[in-house]
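Protein chains in written order, with full-length UniProt numbering: chain Y, 1 to 267; chain U, 1 to 267; chain G, 1 to 267; chain D, 1 to 267.
Just so you know, the hints here were simulated from the structure itself, not pulled from any lab data. Misleading hints may appear alongside valid ones.
Pairs involving identical chains hold if they fit within one copy or between any two copies, as the list cannot separate such chains.
[What the hints assert, rightly or not] Think about it this way: if two alpha-carbon atoms lie no more than 25 angstroms apart in a straight line, the pair counts; the simulated PhoX-like pairs of lysine-lysine are:
1) Lys251 x Lys135
2) Lys2 x Lys115
3) Lys97 x Lys115
4) Lys82 x Lys115
5) Lys135 x Lys115
6) Lys135 x Lys2
7) Lys97 x Lys2
8) Lys135 x Lys82
9) Lys97 x Lys135
10) Lys251 x Lys115
11) Lys251 x Lys97
12) Lys251 x Lys2
13) Lys2 x Lys82
Number of protein chains: 4
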Amino acid sequence: MKTRISVIVWNEYRHERENAMVAAIYPEGLHTTIAQALQATPGLNPGALPLDVGTATLDELEHGLSEERLANCDVLVWWGHKVHNLVDDAVVDRVQKRVLEGMGLIVLHSGHFSKIFRRMMGTNCSLKWREAHEKERLWVVEPSHPIAAGLGEYFELPNEEMYGERFDIPQPDSTVFISWFEGGEVFRSGCCWERGHGRIFYFRPGHEAYPTYHDSNVQRVIANAVQWAAPRVNIVDVCPNAQPLEPISFKPGFTNVGITQTQADLV
Amino acid sequence: MKTRISVIVWNEYRHERENAMVAAIYPEGLHTTIAQALQATPGLNPGALPLDVGTATLDELEHGLSEERLANCDVLVWWGHKVHNLVDDAVVDRVQKRVLEGMGLIVLHSGHFSKIFRRMMGTNCSLKWREAHEKERLWVVEPSHPIAAGLGEYFELPNEEMYGERFDIPQPDSTVFISWFEGGEVFRSGCCWERGHGRIFYFRPGHEAYPTYHDSNVQRVIANAVQWAAPRVNIVDVCPNAQPLEPISFKPGFTNVGITQTQADLV
Amino acid sequence: MKTRISVIVWNEYRHERENAMVAAIYPEGLHTTIAQALQATPGLNPGALPLDVGTATLDELEHGLSEERLANCDVLVWWGHKVHNLVDDAVVDRVQKRVLEGMGLIVLHSGHFSKIFRRMMGTNCSLKWREAHEKERLWVVEPSHPIAAGLGEYFELPNEEMYGERFDIPQPDSTVFISWFEGGEVFRSGCCWERGHGRIFYFRPGHEAYPTYHDSNVQRVIANAVQWAAPRVNIVDVCPNAQPLEPISFKPGFTNVGITQTQADLV
Amino acid sequence: MKTRISVIVWNEYRHERENAMVAAIYPEGLHTTIAQALQATPGLNPGALPLDVGTATLDELEHGLSEERLANCDVLVWWGHKVHNLVDDAVVDRVQKRVLEGMGLIVLHSGHFSKIFRRMMGTNCSLKWREAHEKERLWVVEPSHPIAAGLGEYFELPNEEMYGERFDIPQPDSTVFISWFEGGEVFRSGCCWERGHGRIFYFRPGHEAYPTYHDSNVQRVIANAVQWAAPRVNIVDVCPNAQPLEPISFKPGFTNVGITQTQADLV
Numbered sequence: 001m002k003t004r005i006s007v008i009v010w011n012e013y014r015h016e017r018e019n020a021m022v023a024a025i026y027p028e029g030l031h032t033t034i035a036q037a038l039q040a041t042p043g044l045n046p047g048a049l050p051l052d053v054g055t056a057t058l059d060e061l062e063h064g065l066s067e068e069r070l071a072n073c074d075v076l077v078w079w080g081h082k083v084h085n086l087v088d089d090a091v092v093d094r095v096q097k098r099v100l101e102g103m104g105l106i107v108l109h110s111g112h113f114s115k116i117f118r119r120m121m122g123t124n125c126s127l128k129w130r131e132a133h134e135k136e137r138l139w140v141v142e143p144s145h146p147i148a149a150g151l152g153e154y155f156e157l158p159n160e161e162m163y164g165e166r167f168d169i170p171q172p173d174s175t176v177f178i179s180w181f182e183g184g185e186v187f188r189s190g191c192c193w194e195r196g197h198g199r200i201f202y203f204r205p206g207h208e209a210y211p212t213y214h215d216s217n218v219q220r221v222i223a224n225a226v227q228w229a230a231p232r233v234n235i236v237d238v239c240p241n242a243q244p245l246e247p248i249s250f251k252p253g254f255t256n257v258g259i260t261q262t263q264a265d266l267v
Numbered sequence: 001m002k003t004r005i006s007v008i009v010w011n012e013y014r015h016e017r018e019n020a021m022v023a024a025i026y027p028e029g030l031h032t033t034i035a036q037a038l039q040a041t042p043g044l045n046p047g048a049l050p051l052d053v054g055t056a057t058l059d060e061l062e063h064g065l066s067e068e069r070l071a072n073c074d075v076l077v078w079w080g081h082k083v084h085n086l087v088d089d090a091v092v093d094r095v096q097k098r099v100l101e102g103m104g105l106i107v108l109h110s111g112h113f114s115k116i117f118r119r120m121m122g123t124n125c126s127l128k129w130r131e132a133h134e135k136e137r138l139w140v141v142e143p144s145h146p147i148a149a150g151l152g153e154y155f156e157l158p159n160e161e162m163y164g165e166r167f168d169i170p171q172p173d174s175t176v177f178i179s180w181f182e183g184g185e186v187f188r189s190g191c192c193w194e195r196g197h198g199r200i201f202y203f204r205p206g207h208e209a210y211p212t213y214h215d216s217n218v219q220r221v222i223a224n225a226v227q228w229a230a231p232r233v234n235i236v237d238v239c240p241n242a243q244p245l246e247p248i249s250f251k252p253g254f255t256n257v258g259i260t261q262t263q264a265d266l267v
Numbered sequence: 001m002k003t004r005i006s007v008i009v010w011n012e013y014r015h016e017r018e019n020a021m022v023a024a025i026y027p028e029g030l031h032t033t034i035a036q037a038l039q040a041t042p043g044l045n046p047g048a049l050p051l052d053v054g055t056a057t058l059d060e061l062e063h064g065l066s067e068e069r070l071a072n073c074d075v076l077v078w079w080g081h082k083v084h085n086l087v088d089d090a091v092v093d094r095v096q097k098r099v100l101e102g103m104g105l106i107v108l109h110s111g112h113f114s115k116i117f118r119r120m121m122g123t124n125c126s127l128k129w130r131e132a133h134e135k136e137r138l139w140v141v142e143p144s145h146p147i148a149a150g151l152g153e154y155f156e157l158p159n160e161e162m163y164g165e166r167f168d169i170p171q172p173d174s175t176v177f178i179s180w181f182e183g184g185e186v187f188r189s190g191c192c193w194e195r196g197h198g199r200i201f202y203f204r205p206g207h208e209a210y211p212t213y214h215d216s217n218v219q220r221v222i223a224n225a226v227q228w229a230a231p232r233v234n235i236v237d238v239c240p241n242a243q244p245l246e247p248i249s250f251k252p253g254f255t256n257v258g259i260t261q262t263q264a265d266l267v
Numbered sequence: 001m002k003t004r005i006s007v008i009v010w011n012e013y014r015h016e017r018e019n020a021m022v023a024a025i026y027p028e029g030l031h032t033t034i035a036q037a038l039q040a041t042p043g044l045n046p047g048a049l050p051l052d053v054g055t056a057t058l059d060e061l062e063h064g065l066s067e068e069r070l071a072n073c074d075v076l077v078w079w080g081h082k083v084h085n086l087v088d089d090a091v092v093d094r095v096q097k098r099v100l101e102g103m104g105l106i107v108l109h110s111g112h113f114s115k116i117f118r119r120m121m122g123t124n125c126s127l128k129w130r131e132a133h134e135k136e137r138l139w140v141v142e143p144s145h146p147i148a149a150g151l152g153e154y155f156e157l158p159n160e161e162m163y164g165e166r167f168d169i170p171q172p173d174s175t176v177f178i179s180w181f182e183g184g185e186v187f188r189s190g191c192c193w194e195r196g197h198g199r200i201f202y203f204r205p206g207h208e209a210y211p212t213y214h215d216s217n218v219q220r221v222i223a224n225a226v227q228w229a230a231p232r233v234n235i236v237d238v239c240p241n242a243q244p245l246e247p248i249s250f251k252p253g254f255t256n257v258g259i260t261q262t263q264a265d266l267v
């Protein structure tokens, strides 16, 4: 049984190096803020494990996500925004493979348009948006979900970018949060899916122009999500040719030649 | 309101031209058998519309799926098996786009490993398999689903390839059929999903070595699925910057400069 | 195949007879307003059928829902508020039985606390509420759902009672609408479920103190919901003792005596 | 945070006292066998807690399920078969209330027809059945689900009663097991739901005429299910009148008199 959870917080890490306003909020990058918060936020649910948190960024070799590093990663947290297209498809393939084997994936805010999130969802992942420093109130729709542990009925962020419905996603397995926005929209802000053997959580807040990842409720949600998404198994994909478990009646009209050919054909 | 449904039955069309046993069952290709059956099978549910059925195959230009042809297609039926990798990614992108806009997609049998099905699901779509001419009994788990119209409690196929669980798919919105196999396995054989504005149905039977698509129950299921998957809307993807519907309180600490930059950044 | 849909609009019909303000809005009862609107609102989706709309109220014999009348009802629309407890349990049993056989059920507004809705859900169906004449904006989260046909991205009601999350319901099969309220809450306002062979739709708006059922968007939603919930089958419940379809190996250690006793025992 | 899980195994306890064959398999009642197995089976997942297991039976005062005892119960395991109708409705109400507050509920085999299961589901919970000492093979459809921990791809029971589809239940949140039966049927044998704040698991095997609850795989499943269903919260139902969180525009045409009356009306 696992005794620790290995986490990588991945960040595009461009805004913080190019925009003074963003740099003032996240001087070492928002990945560093999130990683430090995770390290400092113990789990609240039974079975919560201690975390080993590292980071990775776009401009590192292989975006910091080598085969070996991903092989040892339990939960990957993803933030990207303006250069999703620069993420190498081979790395996206690699992350998808690991999620399907059991690795957790937490996608934050503008990561809704990342290659990996769109890959896992199969949809466009579009939405409405507006950057107007407006109030967001996140309502807890599933208070017994582990990701809602330690929260009240709602929490507020005084200034956030607005994301509004329709959010083009497959229906979530659970919708933990629904947001109310000052400007009049609503949004499914905390959404859970299972894909393969892995768990995926999308969490809406986190525009780079606001100190959202310094907020203690936001930190609590991400910490809970990491615990929730930690792998329960690690199962490598196969598509086996299976021997029968019961006798199959002999069918004289068929020959085994066809079978052998067909086995070879299967991808 | 639509008055007809335009259908394309797509086939890899290799086995039938390379294997005499398969050619004997489907001399003009299984796409032709399916298309003729669809044309001859009226819908049973209220709202059923007449069909205009065409076909397309891998070796045609653009696999027979040009932009223009797909733009006018309501439901695409897909059969592929041994050369999934030869399907052009640009055509896969195009089909995905149309499904997300509202086009229906029916994936048959070995199409579980097609690029388009894996793209829509986000998973490996693996399973167990065995070719042993064995009996399959498909149980109707959701008798009130439109795809089950006209069927009894179950129907049987005397000889089929076995597909067994675990089938690596996202949990279906509805599981219409579960199969019992002579050799001891079970399988979720009729699965429905919604992705974007389109409906997707996976239907298990249809190994090329058996006359499955000549079976009247199988034909009934595919005809029902086409009616069920016909588009209800046609909505092209956008990710709009939305004006507020309610007044937003003035926040003196923020400037609009940041907003303009960020809009430009969004993918 | 059915050619018409038989609808009963059921109303508690107390507020309208006891409160002048409500009577001014719905002089013949809100059931009459809804029934007239349904009769005048043709369906927009393929397969839409003409409606035969009647009404029933609490103070009629058997609440207007005799065995015979329900047996011929395709879709039942339900509005109740202050005397849910006066609904006879035998009538609730009868309605549940019909829904499970295939009859549609549309539950409106304060019907969230009706015996029949709680029976079908298995939960408390609690929520937050406030009557403050506030603006409600209903966002269309699933624009391709038949219940959203003919609507824009959202519609507004200038004055409504607020219902807020957490709404204690089983996760809906589809969530068509999410409401934004002026006072700061959100709510899953249009929820679909399947139970047995019947379809259930809960639609939030409709406090008796406001002219909500005179609103054309609200009328459109209820009309769409009636078409969506119309039965596709009528299957009476059984729990049959089934003969085997395959040979079962003889087990010398067991006798049939036990079997016979057990069959008689089963409820 | 909880450190132990309090479990009650409830049994109708009639067959074992009336039928020598059943008594030979379960001399102290099948509740005792299950309780002893639970006590002896440590959890496999992170967060597994030690169990305190007691039992209760139909013929005890209040069926052994007093208000106080249920208030301290974390997970209730339920087995009943031939006298479901003798369970007091007041006790059913009490159990439902506790599940909605967060208590776990594990329903075994013929408990599919128990009052409490039908109450939680809202459906008939009917199925096909046959008692013919036949082989059942349970396939693990969701190998990463906590309830499947420690199992292989499938497990078998040499002699069981057959339950076949269609099983009249709301679509499960997760379907962990699907059974293959020797006589030709299939069944969704391990089904999960959330209702209110509680988790419910239905597990098919366990006919009283066979030693099913002595089987180590069956014991493993029940032990896993108890850990999975242990409460994460304990939230008592309310339906609060909520004060607005945002200013609401003054509407001169409305008065507060109506509001006060309506508050009193709400159930």
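Numbers of unmet hints, in rising order: 2, 5, 6, 9, 10, 11, 12, 13
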